[in-house]
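J.: Make the full structure from the sequences, and use the hints.
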Amino acid sequence: MPKLLPLLEHAVKKPVWDCRMCGQCVLHSTGMTCPMTCPKTLRNGPCGGVREDGHCEVKPEMRCVWVKAEERSHSPLNPHHWEEEFNELRPPVDNRLQGTSSWINLINGRDRRTPAGWDGAARESFSAVPGASMVEIDEPTTLPEGFHS
Amino acid sequence: MSRLATLLAEGTRPVVTAEFPSIDGGGLAAVEKAADELRPFVDAVNATDNPAAHAHASNTSIAIAMSQFGLEPIMQVVCRDKNRIAMQADIVGASLFGIENIACLTGDDVTAGDEPEARRVFDLDSTQLVKVASGLAEGHYLSGRAIKQPPELFVGAVENPFAPPLDYRVLRALKKAEAGARFLQLQIGYYPERLESFVAGCVEHGVTRTTSLLPTVVLTKSAKALSFMDESVPGISIPADMIARVAGAGDKDAIAEESYQLTLELTRHALSLPGVSGIHLTDFRHDGSLERLVRDLSIGPAFDPVASASGTTSV
Chain V
1 MPKLLPLLEH AVKKPVWDCR MCGQCVLHST GMTCPMTCPK TLRNGPCGGV REDGHCEVKP
61 EMRCVWVKAE ERSHSPLNPH HWEEEFNELR PPVDNRLQGT SSWINLINGR DRRTPAGWDG
121 AARESFSAVP GASMVEIDEP TTLPEGFHS
Chain Y
150 MSRLATLLAE GTRPVVTAEF PSIDGGGLAA VEKAADELRP FVDAVNATDN PAAHAHASNT
210 SIAIAMSQFG LEPIMQVVCR DKNRIAMQAD IVGASLFGIE NIACLTGDDV TAGDEPEARR
270 VFDLDSTQLV KVASGLAEGH YLSGRAIKQP PELFVGAVEN PFAPPLDYRV LRALKKAEAG
330 ARFLQLQIGY YPERLESFVA GCVEHGVTRT TSLLPTVVLT KSAKALSFMD ESVPGISIPA
390 DMIARVAGAG DKDAIAEESY QLTLELTRHA LSLPGVSGIH LTDFRHDGSL ERLVRDLSIG
450 PAFDPVASAS GTTSV
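So the sequence lines, in the order shown, correspond to chains V and Y. For the first sequence, our numbering gives the first residue as 1, with consecutive numbering after it. For the second sequence, our numbering gives the first residue as 150, with consecutive numbering after it.
Please keep in mind that the hints were generated in silico from the structure rather than gathered at the bench.
Think about it this way: if two alpha-carbon atoms lie no more than 25 Å apart in a straight line, the pair counts; the simulated SDA-like pairs of lysine to any residue are:
no., chain 1, residue 1, chain 2, residue 2
1, Y, 231, V, 118
2, Y, 373, Y, 263
3, V, 68, V, 21
4, V, 59, Y, 260
5, Y, 373, Y, 404
6, V, 14, V, 62
7, V, 59, Y, 272
8, V, 14, Y, 272
9, Y, 231, V, 113
10, Y, 182, Y, 433
11, V, 68, Y, 381
12, V, 59, Y, 262
13, V, 59, Y, 376
14, Y, 182, Y, 205
15, Y, 231, V, 58
16, Y, 231, V, 97
17, Y, 231, V, 115
18, V, 59, Y, 201
19, V, 59, Y, 380
20, V, 68, Y, 343
21, V, 68, Y, 315
22, Y, 297, V, 120
23, Y, 373, Y, 171
24, Y, 401, Y, 389
25, Y, 373, V, 52
26, Y, 373, V, 60
27, Y, 231, V, 98
28, V, 59, Y, 337
29, V, 68, Y, 346
30, V, 68, Y, 379
T.: See below:
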């Protein structure tokens, strides 16, 4: 089932919202307009390059995702509390969730987990872990000759 | 506290910032020459980060070099080219050299530059970067890993009051202010009425209680330059009658003069708005017009009432 769900989610959301399977869906808070379809994948509003006609800096034939999102967030069909969420600061994308089912990540809360520093907390013990800096390094002998990471 | 932060906090006079020219070759002498030209007339200068997606000497190297030549840098950091690890490293690294002013931008898309084949990054967006940079100054990386003796930073951003969705731009400015932006340089714009309603909105929503607004004006010398910006720079639109006014001024010199007068009017208008703390200048003329503008308006370090009274500055 966990393997089938992403497929099912993609089959439903791709044709309707051009879903990119970021695994941390915020559609409801962005006027049911997927921010990952913005060429710059901006999750907190439009960039400064929006054209005078409301079209995208990168793809002139496309209406700016955020112009659409802002408009739709005020739609009478959009629940009021979703409209209010439009202005909230959305955290950086967790790139590890790419390709996973946002439905599962919503149910188990995984999509709301953010790095400690995002919520303003410094983890004092973090740097005190002995050898913490070493865990990022693979066993050097296993690297091919001349390889520099 | 940076000089820029101090000046904006004091609010005794309009602050003048400008854009540093892109540097490629010529060594530090090239930086020194550009710094010497700007230093008497501006309070702080943007060390740009690969503007319009063209590679140049990096934001950090130029910011550090500028400060060595006695010019206060505002280091731009754009989200296009680097991920969150590299951007944090740049800010923390630059702070070792005393760089405090950080302007967080989304950045023009790679397709705006001369290497459109490049991979675009945008790992963070500009508002997220504002919050992450502010976190560094509070003593931690985004991960939460503590920074002992954290860098002193003065974090800001950019907002465009002139691009759609116009009604939303104030709320986006508010979002950036709440994320930690203490100054907002505004995008180049030629619609005074849009600037007016944006600034009024920022005052009304309390943005200006925490965050200083610096509108941008451009020094140009031809109608062609205006048309180019209007047609080719995303996010910039110029009313046709404004371009016609400059184009119809007469010969080349008359056109250059009319261009200057237009910039002077826009600057005067921007500075007249309650809630505006100063002006950001982009100089495409390089003919002494920047000096002329600050003199005509009596703004900038050369006209600092406090410094003048203590005899440290002469006009």
